[in-house]
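Each protein sequence line maps, in turn, to chains S and A. Each residue of the first sequence is one higher than the one before, counting from 0 in numbering that gives the first Met the number 0. Each residue of the second sequence is one higher than the one before, counting from 0 in numbering that gives the first Met the number 0.
If you're looking for bench data, these hints aren't it; they were derived computationally from the structure. All figures in this text were calculated on a predicted structure; none of them were measured in a lab. A few of these clues could be false.
To be verified - Okay, derived cross-link-like pairs now, DSS-like style, lysine-lysine, Cα gap no bigger than 25 angstroms in a straight line:
id	chain 1	residue 1	chain 2	residue 2
1	S	Lys54	S	Lys93
2	A	Lys587	A	Lys323
3	A	Lys470	S	Lys66
4	S	Lys149	A	Lys43
5	A	Lys407	S	Lys149
6	A	Lys407	A	Lys556
7	A	Lys556	S	Lys93
8	A	Lys408	S	Lys93
9	A	Lys264	S	Lys66
10	S	Lys93	A	Lys516
11	A	Lys549	S	Lys93
12	A	Lys470	S	Lys93
13	A	Lys264	S	Lys10
14	S	Lys75	A	Lys548
15	S	Lys93	S	Lys149
16	S	Lys149	A	Lys91
17	A	Lys110	A	Lys43
18	S	Lys93	A	Lys600
19	S	Lys105	A	Lys597
20	S	Lys93	A	Lys165
21	A	Lys101	A	Lys26
22	A	Lys165	A	Lys152
23	A	Lys548	A	Lys597
24	A	Lys264	S	Lys19
25	A	Lys597	S	Lys93
26	S	Lys105	A	Lys91
27	A	Lys323	A	Lys180
28	A	Lys600	A	Lys587
29	A	Lys576	S	Lys93
As the list claims (entries may be wrong) - Computed footprint of chain A on chain S, listed as stretches where at least three residues anywhere in the stretch have a Cβ under 8 angstroms from a Cβ of chain A:
id	segment
30	20 to 32
31	56 to 62
32	65 to 73
33	115 to 127
Here a beta-carbon is modelled for each residue, glycine too, at the ideal position from N, C-alpha and C.
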Amino acid sequence: MENQIVIDWKKIDEIIEWYKSDREALLMIMQDISDIYNYVPPEVVPILVEKLGVKPSLVYSVATFYKTISLEPRGKYIVSVCTGTACHVRGAEKVMEALEDRLHIKESETTDDLLFTLEAVRCVGCCASGPVITVNQNTHGGLNRSSVVKVINEYENQHVS
Amino acid sequence: MAKLENRSALESYRNTLSSEQKSRKKKLISLCAGSGCGAYGTAKVHDALIQELAKHGLDKEVEVKLSGCHGFCEKGPILVIHPEGIFYAQIKEDHIPEIVEKTIKNGELVKSLIYKDPATKEKITYEKDVSFYKLQQRIIFGNNGAIDPTSIKDYIAVGGYKALEKALFDMTPEEIIDQIKKSGLRGRGGGGFPTGIKWETCRRHDGARYIICNADEGDPGAYMDRSLLEGNPHLVLEGMIIGAVAIGSNEGYVYVRHEYPLAVKNLSIALQRAEELGLLGKNILGSGFDLNIHISRGGGAFVCGESTALMASLEGMPGRPRAKYIHTVEKGFRNNPSNLNNVETWANVPVIIEKGAEWYASIGTKRSKGTKIFSLVGKVTNTGLVEVPMGTTLRTIIYDIGGGVPNKKQFKAVQTGGPSGGCIPERFLNLGVDFDELAKVGSIMGSGGMIVMDQDNCMVDVARYFLDFLKEESCGQCNPCREGITAMLDILTDICNGNGKEGDIELLEELGMMIQKFSLCGLGTSAPNPVLTTILYFRDEYEAHIRDKKCPSGVCKPLFHYEIDEEACTGCTLCAKRCPEEAITGEKKEPHHLDLEKCIKCGICYDACKFDAILIQ
Numbered sequence: 000m001e002n003q004i005v006i007d008w009k010k011i012d013e014i015i016e017w018y019k020s021d022r023e024a025l026l027m028i029m030q031d032i033s034d035i036y037n038y039v040p041p042e043v044v045p046i047l048v049e050k051l052g053v054k055p056s057l058v059y060s061v062a063t064f065y066k067t068i069s070l071e072p073r074g075k076y077i078v079s080v081c082t083g084t085a086c087h088v089r090g091a092e093k094v095m096e097a098l099e100d101r102l103h104i105k106e107s108e109t110t111d112d113l114l115f116t117l118e119a120v121r122c123v124g125c126c127a128s129g130p131v132i133t134v135n136q137n138t139h140g141g142l143n144r145s146s147v148v149k150v151i152n153e154y155e156n157q158h159v160s
Numbered sequence: 000m001a002k003l004e005n006r007s008a009l010e011s012y013r014n015t016l017s018s019e020q021k022s023r024k025k026k027l028i029s030l031c032a033g034s035g036c037g038a039y040g041t042a043k044v045h046d047a048l049i050q051e052l053a054k055h056g057l058d059k060e061v062e063v064k065l066s067g068c069h070g071f072c073e074k075g076p077i078l079v080i081h082p083e084g085i086f087y088a089q090i091k092e093d094h095i096p097e098i099v100e101k102t103i104k105n106g107e108l109v110k111s112l113i114y115k116d117p118a119t120k121e122k123i124t125y126e127k128d129v130s131f132y133k134l135q136q137r138i139i140f141g142n143n144g145a146i147d148p149t150s151i152k153d154y155i156a157v158g159g160y161k162a163l164e165k166a167l168f169d170m171t172p173e174e175i176i177d178q179i180k181k182s183g184l185r186g187r188g189g190g191g192f193p194t195g196i197k198w199e200t201c202r203r204h205d206g207a208r209y210i211i212c213n214a215d216e217g218d219p220g221a222y223m224d225r226s227l228l229e230g231n232p233h234l235v236l237e238g239m240i241i242g243a244v245a246i247g248s249n250e251g252y253v254y255v256r257h258e259y260p261l262a263v264k265n266l267s268i269a270l271q272r273a274e275e276l277g278l279l280g281k282n283i284l285g286s287g288f289d290l291n292i293h294i295s296r297g298g299g300a301f302v303c304g305e306s307t308a309l310m311a312s313l314e315g316m317p318g319r320p321r322a323k324y325i326h327t328v329e330k331g332f333r334n335n336p337s338n339l340n341n342v343e344t345w346a347n348v349p350v351i352i353e354k355g356a357e358w359y360a361s362i363g364t365k366r367s368k369g370t371k372i373f374s375l376v377g378k379v380t381n382t383g384l385v386e387v388p389m390g391t392t393l394r395t396i397i398y399d400i401g402g403g404v405p406n407k408k409q410f411k412a413v414q415t416g417g418p419s420g421g422c423i424p425e426r427f428l429n430l431g432v433d434f435d436e437l438a439k440v441g442s443i444m445g446s447g448g449m450i451v452m453d454q455d456n457c458m459v460d461v462a463r464y465f466l467d468f469l470k471e472e473s474c475g476q477c478n479p480c481r482e483g484i485t486a487m488l489d490i491l492t493d494i495c496n497g498n499g500k501e502g503d504i505e506l507l508e509e510l511g512m513m514i515q516k517f518s519l520c521g522l523g524t525s526a527p528n529p530v531l532t533t534i535l536y537f538r539d540e541y542e543a544h545i546r547d548k549k550c551p552s553g554v555c556k557p558l559f560h561y562e563i564d565e566e567a568c569t570g571c572t573l574c575a576k577r578c579p580e581e582a583i584t585g586e587k588k589e590p591h592h593l594d595l596e597k598c599i600k601c602g603i604c605y606d607a608c609k610f611d612a613i614l615i616q
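Next comes chain S alone, as it looks inside the complex (with noise of 0.2 angstroms):
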């Protein structure tokens, strides 16, 4: 798998600066590195401890502890299939089946071509319409195993024109 990216070391020093380099904001920090590379790249880890003065295991216990931080390279699209409650006595396990047939990835895996990360959460809050998955930061609602398909192919579309 290609997992070349080039950080941007100027943008994360001006992220710890926007928290001031406050030690009570690493998770959010991280956040936001991972909302421009989607994911956090361990090579930003010396930096944090050096900058936030924390230790290494802190940096890794808050890194793994939550789930919206990975420390390795996520697709370019983030698929999350809402399984909460509602979605799943709708039949979000279908939708999922359904996305790992047409992507050929399972659950937490991602594509070889870095396009697409496949992930199961727990609810986004979307109960009424499910079942729901977000692709990054768009909900899309009342899926089946069919239009959960289009809905891939749309994002795929997008990605080559």
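Place chain A on chain S using the hints.
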């Protein structure tokens, strides 16, 4: 806009705003921009609407407002035309030209878009007549559909920050606490602890006190906090400011899920506007009282809804709970007295202060006062957010408001309280919902999730689902929760796979009681509830799985197969066309045949068949 220096400046600003609104003659189209409607495409509808109005030169005469969540998310995107209150649901961008041409220009209705009540088939023109709304009492949620959540002017114009004025200038902190105590308000996050007593205790402890809003809405199936923060953030902020005055706190936090980007955005805007007007910050409205509120974004950990875990997370650490020998009102965030309330609890505060404790306490039941917002979801015709007085029966909520179970299926259970709650069977539908009544039948109020299940939902699978959730979300500190939940889940997985043994049910009960007794925090002590209540009310389903190796609902794949009922099959060929595995064969108008070797039990044929000819065996 300059800062409002004192009370009368706010009052005159409000008067100006409301007379501006009243004198406005033009039409107003309110389009729901909540997350539910957004999932169905509000953005596209909005773009189309703006373009179409401009095309007809109507953009000056007609105002378009992106409002907060109206609650009827099932039928999104929702569009309401004021002043008449004409209600159009499930709007797509291609409907817009016709709406503008007929309704906006000529004042006629678009017949094809008039909402038809799914239960009564009656056609309904106005929002106020929709049966989903009629039986609700929306004292907290009511303004959501009327205001633009990004506009503080809208909030002030409908009487916003009046309660804050009262709290700052007409009442002492003790009087505020007294009102909250008398109102009988109990914590809406699930615990049901009396809010006034919490405030009073926090005030009694010395130190830099903090007020915190718990918006880490983690219960799957509940989303009222999301809708309140997205749709009416100032109501929550006003509640927090009043709480800070009462408790004597100068710093507050809102801990909100990173998964709720729109809530974070609207709340950030609201904080900024409130600061600009001097409703937050130094010397609020010239009263001498200071308060700053910050946003902290959580990272998708269910356990962070627990108070001590939430405060650890606020401090930048992993959100692991601690034993509560010392409560957080004494030593919480940064080891200082901290008062944590849920979003909906804070949203109740301005209403109580403005209308009085007595009025508020007249709504609800003896020990649960006021209204509660439920998220009515799952197998129910009208899904969405429902605000009703405490004590309203499950039957009224599910049948009269929710329109019952769709597709002529049988009701099986309603799950309340999220992963810590329980499944309530049909015989308790006349139960009036409040904190105590739900506890009596083994469930809890929780944050207000209400998930309706029908004959196609397997109760063993539901129990397994919740334990799987909790296993993932357990922080892993204490043995009973970490190991106990895993052990229970293993047994349930075996049962669902057809490997259940005699004695499994009893073992589940024993493990469940152990976990309830000895876990460190609320996540563990309530974790066995979904299993224990389903065993209590649906033991026969467990037994069918274990003894007969059957899943009567057709969910647990190793325990059932589909069959075609030759008598009922009309040979319409729909199932054969849909089957992805080509497992169904047959001539037109002749009964079809299903090849079990090829069948992967995906259920597409079962969902597709209009003649109930696909049987679960």
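Hint-by-hint comparison with the structure:
1. S:Lys54 x S:Lys93: violated (43 angstroms)
2. A:Lys587 x A:Lys323: Violated, at roughly 69 angstroms.
3. A:Lys470 x S:Lys66: The hint holds at about 14 angstroms.
4. S:Lys149 x A:Lys43: The hint holds at about 17 angstroms.
5. A:Lys407 x S:Lys149: Distance of about 29 angstroms is beyond 25 angstroms: violated.
6. A:Lys407 x A:Lys556: holds (24 angstroms)
7. A:Lys556 x S:Lys93: holds (12 angstroms)
8. A:Lys408 x S:Lys93: The given pair, whose Cα atoms are some 20 angstroms apart, holds under the 25 angstroms limit.
9. A:Lys264 x S:Lys66: holds (21 angstroms)
10. S:Lys93 x A:Lys516: Not satisfied, since the Cα-Cα distance of roughly 37 angstroms exceeds 25 angstroms.
11. A:Lys549 x S:Lys93: holds (21 angstroms)
12. A:Lys470 x S:Lys93: Given that 25 angstroms is the threshold and the Cα spacing comes to 22 angstroms, the pair holds.
13. A:Lys264 x S:Lys10: holds (21 angstroms)
14. S:Lys75 x A:Lys548: violated (44 angstroms)
15. S:Lys93 x S:Lys149: holds (15 angstroms)
16. S:Lys149 x A:Lys91: holds (18 angstroms)
17. A:Lys110 x A:Lys43: holds (22 angstroms)
18. S:Lys93 x A:Lys600: holds (11 angstroms)
19. S:Lys105 x A:Lys597: holds (23 angstroms)
20. S:Lys93 x A:Lys165: Distance ~53 angstroms between Lys93 of chain S and Lys165 of chain A Cα, so the pair is violated.
21. A:Lys101 x A:Lys26: holds (14 angstroms)
22. A:Lys165 x A:Lys152: Holds, at about 19 angstroms.
23. A:Lys548 x A:Lys597: holds (21 angstroms)
24. A:Lys264 x S:Lys19: holds (21 angstroms)
25. A:Lys597 x S:Lys93: holds (18 angstroms)
26. S:Lys105 x A:Lys91: With Cα atoms ~34 angstroms apart, Lys105 of chain S and Lys91 of chain A exceed 25 angstroms; violated.
27. A:Lys323 x A:Lys180: Given that 25 angstroms is the threshold and the Cα spacing comes to 23 angstroms, the pair holds.
28. A:Lys600 x A:Lys587: Measuring from Cα to Cα gives roughly 23 angstroms; hence the hint holds.
29. A:Lys576 x S:Lys93: holds (19 angstroms)
30. 20 to 32: holds (count 8)
31. 56 to 62: holds (count 3)
32. 65 to 73: Satisfied; 4 residues make the cut.
33. 115 to 127: holds (count 8)
The structure fails to meet hints 1, 2, 5, 10, 14, 20 and 26 from the earlier list, while all remaining hints are met.
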